[in-house]
Every structure is written in C-alpha cells, then in structure tokens.
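> Chain by chain, the residues:
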Amino acid sequence: MKLPPFDYACPATLAEAVALLASHGDAKPIAGGQSLMPMLAFRMASPTLLVDLRKLPDLNRISIADDGVQLGAMVRWRDIEDDVRLRAAHPPLAAAIAHVAHYQIRNRGTVGGSLAHADPAAEMPGVALTCDAEIAVTGAAGRRVIPARDFFLGPLTTALAPDEIIVEVRLPAWPARRRWGFQEFSRRRGDFALAGVALFYDEDADGKAVNAHAGAIGVADTPVRLTGVEQALNGCAVNEATIAAAARAASADVDPPDDIHANAAYRRALVGTLTERALIASAAI
Amino acid sequence: MSVQFTVNGKAAAVDVEARMTLADCLRQHLRLTGTHLGCEHGVCGACTVIVDGAAMRSCLMLAVQAEGSEVVTVEGLSNDAELTPLQTAFRKHHALQCGFCTPGIITTAHALLSEEPYCDADRIREVLSGNLCRCTGYVSIIDAVLEAREAYQNADGGAR
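Residue numbers (our numbering), protein chains in the order written: chain A, 1 to 285; chain B, 1001 to 1160.
The hints are simulated quantities; they were obtained by calculation from the structure and are not laboratory data. By construction, the Cβ of each residue, glycine as well, lies at the ideal position given by its N, Cα and C atoms. Check before you lean on any hint, since a few could be wrong.
As the list claims (entries may be wrong) - No farther apart than 20 Å at their CA atoms in a straight line, the calculated lysine to any residue pairs in the SDA-like style are these: (1) A/Lys55 <-> B/Ala1081; (2) A/Lys2 <-> B/Met1020; (3) A/Lys2 <-> B/Asp1052.
What the hints assert, rightly or not - Beta-carbon label-pair distances, calculated as ranges: (4) B/Ala1081 <-> A/Ala173: 53 to 59 Å; (5) A/Arg187 <-> B/Gly1009: 38 to 44 Å; (6) A/Asp202 <-> B/Ser1002: 24 to 30 Å; (7) B/Gly1053 <-> A/Ala245: 33 to 39 Å; (8) A/Gln231 <-> B/Thr1033: 23 to 29 Å; (9) B/Ser1078 <-> A/Asp255: 53 to 59 Å; (10) B/Asp1080 <-> A/Pro147: 58 to 64 Å.
As the list claims (entries may be wrong) - Derived list of chain B stretches under chain A, where covered just means 3 residues or more per stretch with a C-beta under 8 Å from a C-beta of chain A: (11) 1051-1065; (12) 1084-1095.
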C-alpha cells in the first residue's frame, strides 16, 4: 500500500539530525530504508517526520585495526561484501552478511539500519550479540556505547532512545587462529532465516576449546546466546562427541514459538542441526 | 518537495510529496511506466531500477532520496534501432511470457553484467533470486543472461 504521509528532512550533520529527532515526538531516522520502507508500506510505522541520514559524513567507513573491526552505521551490505580485508579480519561477519536479503537490497541496506530495526531473524544483530559487539550511539544527551547484550529488547525493539542515532558498531579483535562457523537455513535464497547459528572458540595449548561464543537468530524475540553450547565446548576438544553434545545443548537452549513458517519442534531441531554443521565447519572435520 | 535527478541521461525536475516512492514518481510524474510495481514492499523485484550504477528497488526508496542521482530505468536500456544483447537473448530463449517481471530482471541483469561480465550461472541465479517470475520458471531467464554476457565482456574488456 502507499506510504502514510510524513515530512522529510535531510540534515548535513549528526547534530542537526539528533536535534530534529529530539524536537519531534515521533520522528524516525531513515538510512537505507530497506526495513523501514516496508514497515511504512504496511503502515506498521507512521512517523510524522523522516530524518534521512544519507548526507551525514563519516558514517560509511569500515575500519580494521588491532582492537577490532568498526563498521559505520551507513556501511551497506554491499560494502562488506566488496571489502576483501574483512574475510580475514572478521570471517563470520563476511559469512553471515552473505545471507542478507537480495542483490538489490544489499546495494542499499545498512548495518545501522538492521541493528536499529532489530528483526529477531536478522544476521547483523545475531553477529553483534554473539561477538560481544558494542554499539556506539549519539543522542540529545550525548554519546554512549551500548553492549549488544543490552541493546536488543524485543522484536523490533531496542535500547535506542527516540532521539538516538547509531553511529557505529564495534566488533572485538579477531585472532587469526580462531575457529568459527556460521550456518543458517531459509526456504528460499535471501529470505529471513528460519533459524541461524553463529559460533566461535579459541584453542588452548592442548587443542581444547576456550572462550566459546554461540548465538542463534530466528528462534526468539531477539537474537539469543546459546549458553549451553558455550558450556559444552569450553574445555573440550571439538570432536564428534563434543559436537553431538553441543548440538543437543543448542536445542535445549532455545524455546522457539510456533508460527506460520515452522513449529517450535522443527526450529528446535534445526538449531541443533545448524550448530552441528557450524562446529563441523569450524573444526574442519 | 522539489527533486532533481537524472533519468536515462536526461535531467528531470519533479514536485512530489515526501511519501512518494521513486517507483511511483517514475511512473506517475515522468510517465516511465516500464518500471512495474508488483508487491510495493520490496519482495518481488519488478520495480528494480539502477541508481548511480547499482540495482535498487524503486519501491523501497523515496523519490526525494534520489535527489542528485543518476537513475536508469528499463526504458533507458533499449534503443529505437535494434534489440540490445539482453533483449535479443531474452527473445531467443523465450525468457518472458507475460512480461510483468521482465523490466526488473532486465535492469538487474544489466547492472550485474556491467559489473561482473564474467559471472557464472550460480552468480546469476543468486542475483536473480531477488526477482520473482510467475510464468517462465527461471531456467530460460538464466540461459538468456548467460548468453548476453559476451556483449558486456566485449564492451568492458575485463571483469571487475
């Protein structure tokens, strides 16, 4: 359906954008618009003002340094895909982003937009949560940094105040020898995942997994960490027995709802299977 | 709001409501009705146009966001003299039946082949996964795009 009426502003600075959001009760920022435009078309969102972020400087940078990878909020999926440095600097990011939507949407959709939209099945929020990312935001009260674990509050609901804009997401440094896997399943290429699993771990001198992180998308109101999987991996060699135990733990970790796309039992089983596949890929066995 | 941008190489100036999508602006204000609207929420790909060289869904973009951009629609990918390589290949392989989705597929394929003239069938299939066709079953479309690659390779001289 046609979009509801709204006013439109395209400020040149972050300060102006924040001021516009702060002075309007129900203004919304728009970056790539690949989530917000459908929300408007469905009339699930009807802001009185859209604040276009496209002219804001410096938000489209990808920086890779010793302390990790920083993605500006206006970095597009296409930018991540094209930046070959990221395949070594943050392999699960590159792998997860390869699953985001379709060609035309990837040319326009942004990192910040996906985080702010907070779809429970979206890849970027899942990567952010699993990797202990930090989300830097700016609002009328100033700048603050929100850990990903505190950012996603519910479906399409985040810790962002109405006048806050995401500036960048910071992913901690990625050791070159770290083991990882990312798996998701959707019925058609580019659809939202029925479920997805991201995981990684380091190995100690004895080849045992330490610092295990695992998370899932598409199985709850927000992306979730799979703490049972992390416990099943830490201190163990990642072999067939460990992988089987971790897969069982993954299914036990989640309590997905029934919906039109899949019932709870299917999704629970799927998370176990995806965890198994991700671990097999991580261990190259 | 007044918006100025370039469409198919010509300057365009329109006065639109902020809520008007680029797709509706192209069709209603500029009478470029080759851009088709299927779903109007970013699923079907029929409304794909090329904005500053990149394929985008014109239903997921406001007309006011096109300010200063160079937009190419399906009308900009044909000429009066003869069929283009994509058109020739689509005709040869029967890559359309009702034709509703075809403008979005032609624009998407043109953007892809302009950037990646040596792409393989898997890449074409992946990219065209963003375009729904309810007639042909896709195989003939993939065949047509594969055949059209050669013209882009000659024009381009190399892959990206």
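> Now, for every hint given, state plainly whether the structure supports it.
Hints versus structure:
1. Annotation: proposed proximity of A/Lys55 to B/Ala1081 is violated, straight-line Cα distance about 40 Å (limit 20 Å).
2. In summary, the hint linking A/Lys2 to B/Met1020 is supported, as the alpha carbons are separated by about 8 Å, within the 20 Å threshold.
3. Between the alpha carbons of A/Lys2 and B/Asp1052 the distance comes to roughly 25 Å, so the proposed pair goes past 20 Å and is violated.
4. Checked against the hint of 53 to 59 Å, the C-beta distance between B/Ala1081 and A/Ala173 comes to roughly 57 Å, which is consistent with it.
5. Between A/Arg187 and B/Gly1009 the CB atoms are about 41 Å apart, so this pair conforms to the stated range of 38 to 44 Å.
6. A hinted range of 24 to 30 Å for the beta carbons of A/Asp202 and B/Ser1002 is inconsistent with their spacing of about 57 Å.
7. Roughly 50 Å separates the CB atoms of B/Gly1053 and A/Ala245, a value that falls outside the hinted 33 to 39 Å.
8. One distance hint, 23 to 29 Å for the beta-carbon pair A/Gln231 and B/Thr1033, is violated here, with the actual separation near 60 Å.
9. At roughly 54 Å, the beta-carbon separation of B/Ser1078 and A/Asp255 lies within the given 53 to 59 Å, and the hint holds.
10. Distance hint check: the CB atoms of B/Asp1080 and A/Pro147 are about 60 Å apart, consistent with the given range 58 to 64 Å.
11. Under a criterion of three residues with beta carbons nearer than 8 Å to beta carbons of chain A, the stated coverage of the stretch 1051-1065 of chain B is upheld, 10 such residues being counted.
12. Residues of the stretch 1084-1095 of chain B with a Cβ under 8 Å from some Cβ of chain A number 0, which does not satisfy the need for three, so the listed coverage is violated.
In this structure, the hints that do not hold are numbers 1, 3, 6, 7, 8 and 12, in rising order.
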